[in-house]
Amino acid sequence: MTSTIGVARRSESSLLIAWAKRALLVLGLPIVLIVAWWLATANSTSFYWPPLRTILEVFGATWFEGRMGTDVAPSLVRLGAGYALALVLGVTVGVAVGSSPTLRAVVEPVLEFFRAIPPPVLVPVLILFAGIGDGMKVLVIVSGAIWPILLNTVEGVRSIDEVLRDTARCYRFRRRARLLHLVLRGASPQIVTGARQALSIAIILMVISEMFAATNGLGFSIIQFQRSFAIPQMFSGIILLGLIGVALSLLFRVVESRAMAWHRGLHHTQRGGN
Amino acid sequence: MTEPRQGTDVTDSSATLTDPAAPMLDVRGLKKVYTSGKRSVEAIRDLTFSVGAGELVCLVGPSGCGKTTLLRCISGLLQCTAGEAALEGKRVSGPPPGMAVVFQEYGRSLFPWLTVWQNVELPLKEKKVPRAERKRLVTDALAAVGLADSHTAHPWQLSGGMQQRVAIARAVAYEPQVLLMDEPFAAVDAQTRADLEDLVRSLWQRLGVTVLFVTHDIDEAVYLGQRVIVLSNSPTVVLEDVIIDLPAERDQLTTRSLPRFAELRAHVYERIQQAKGGHRPAGVESDA
Ligand SMILES: Nc1ncnc2c1ncn2[C@@H]1O[C@H](COP(=O)(O)OP(=O)(O)O)[C@@H](O)[C@H]1O
Ligand SMILES: [Mg+2]
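Taken in sequence, the protein lines are chains A and B. Under the numbering used here, think of the first position of the first sequence as 1, with each following residue one higher. Under the numbering used here, think of the first position of the second sequence as 1001, with each following residue one higher.
Wrong hints could be hidden among the right ones.
[Claimed, not checked] A short, non-exhaustive set of chain A residues, derived as facing chain B with CB atoms under 7 angstroms:
| # | residue |
| --- | --- |
| 1 | 161 |
| 2 | 166 |
| 3 | 167 |
| 4 | 170 |
| 5 | 172 |
| 6 | 212 |
| 7 | 265 |
| 8 | 266 |
[As the list claims (entries may be wrong)] The following label-pair restraints were derived from C-beta to C-beta distances:
| # | chain 1 | residue 1 | chain 2 | residue 2 | range |
| --- | --- | --- | --- | --- | --- |
| 9 | B | 1136 | A | 180 | 46 to 56 angstroms |
| 10 | B | 1136 | A | 113 | 31 to 41 angstroms |
| 11 | A | 180 | B | 1274 | 45 to 55 angstroms |
| 12 | B | 1151 | A | 11 | 24 to 34 angstroms |
| 13 | B | 1037 | A | 104 | 10 to 20 angstroms |
| 14 | A | 176 | B | 1136 | 22 to 32 angstroms |
| 15 | A | 238 | B | 1148 | 57 to 67 angstroms |
| 16 | B | 1118 | A | 254 | 18 to 28 angstroms |
| 17 | B | 1037 | A | 89 | 27 to 37 angstroms |
| 18 | B | 1041 | A | 200 | 43 to 53 angstroms |
| 19 | A | 89 | B | 1089 | 28 to 38 angstroms |
| 20 | B | 1146 | A | 92 | 34 to 44 angstroms |
| 21 | A | 32 | B | 1118 | 46 to 56 angstroms |
| 22 | A | 20 | B | 1063 | 54 to 64 angstroms |
[Claimed, not checked] According to the in silico footprint, chain A covers these stretches of chain B (three or more CB under 8 angstroms from chain A):
| # | segment |
| --- | --- |
| 23 | 1101-1108 |
| 24 | 1120-1134 |
| 25 | 1152-1164 |
Quick caveat, the hints were computed from the structure, so don't treat them as lab data. Even for Gly, the Cβ is constructed at its ideal location relative to N, Cα and C.
All chains should be modelled from the sequences, with the hints used to inform the complete structure.
See the structure below:
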């Protein structure tokens, strides 16, 4: 009568081996690529392809002697603000649109249109409206990151189980509980999918917005290095961006795996029929 | 509402019937036609019956005859096309307080992101039951359905039968006046089904709640009910309202082997077969 609740406990040593295998699988290719890069550029005298060793040597001096505060932090603040705003707006509008068939019929084509516009082309337009300050950069991030969140939320709200909706009605859930326990939780798998797509879009737009018009930031720094032919520094900036992207997506996964444990469990124990 | 009483408090089934209280649930001339675009499906033609306070009535009818539709109309989830359902004399226009439903798709009716405990507790929070009282009700309800050890499990970690128990516990903890159950045991194995049938009877006897139990299984209807309302195939009408004069103390083995049980079952079966053959109250063409 009982179904499996989890995987049976494995012995410690086999767990260690499994863990090592996983680590090898995850880290294997990056290590190979880094080694290949290192070897390929080791004796490079090309101005545009400095040895990886040189890049790593300038890394510390470039970023940890002041730029963390003056460039990296402002970039991350813009990213955080834009991403958070996109989440709040996207989920709010998405819930509203997803809950109302008429609203959906009216706005869905428009939403698809806006989603199809590549967000970077909005940068010049937004500069006209919002100037070249932080506000503009946050807006650029929002303007691109909001769409996957919004559209996925609409889809998520739409696909909430009818029986679950009926249950909430029967037990006379009030607005707040309906929203929290039925709509948001029910749509959360799709919201998370949208949020994951939005995260990479937000990082891209953070950099792009800083390349257009800025006085600080990661994107600004990288462009500055390029213009002043500080090629190793430029590459170190690109590496830092990559590392930030990886760190954020890891953070995202941690949050996701906590919030969506039920969803994974549900999938693993896919019951048949009703 | 009534406290769960200790011991057995068995009311004689015929006594309840000869002393009809004001109907708890009244269905009058209920008709439901689904229309989508130009197509329309007459799911229910004309149903009239009532259920007295504290009764356990079974509705039996073939699959697709509109049983779920009927329950959705009674519980206010669906607008009926004509006629009405009334709870304690008040016309149902939306989900009324004091009514709980156990759905046919029980697995889908539980919130997968909540634990068993939270699933049972949430409706009580919405009903503004104080915390201590809530705790008592949830504990009692889960114990009553034999799930005292599964508080922290999530519904999808449980078997089908256990999920159904959670749905029942949630309904019971809610302390409804009327409990509607829509083919709750159609998808569980035979042994679990027998256990759950007995669980429903014992809960009903303990709590004094009014139960309308829908099933397509004639045996189950006769075994459980004080009355069995027999529905025709679609378009649906009431064929007969059969009083089940079996002893109130029922038992899977002895009750089911009583000659009277066999008679009643045969009687209900015949009525449904006749209806399929076209014998039914005037003016209804069979399209099954
Ligand atoms: N939402 C709906 N739209 C159109 N027809 C429906 C809908 N729900 C049920 N029906 C039809 O109504 C009839 C009765 O269905 P239902 O109430 O589910 O029967 P039962 O529960 O007795 O099996 C069936 O013919 C079914 O196809
Ligand atoms: Mg049904």
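List in ascending order the numbers of the hints, as given earlier, that are violated by the structure.
Failing hints, ascending: 6, 9, 10, 19.
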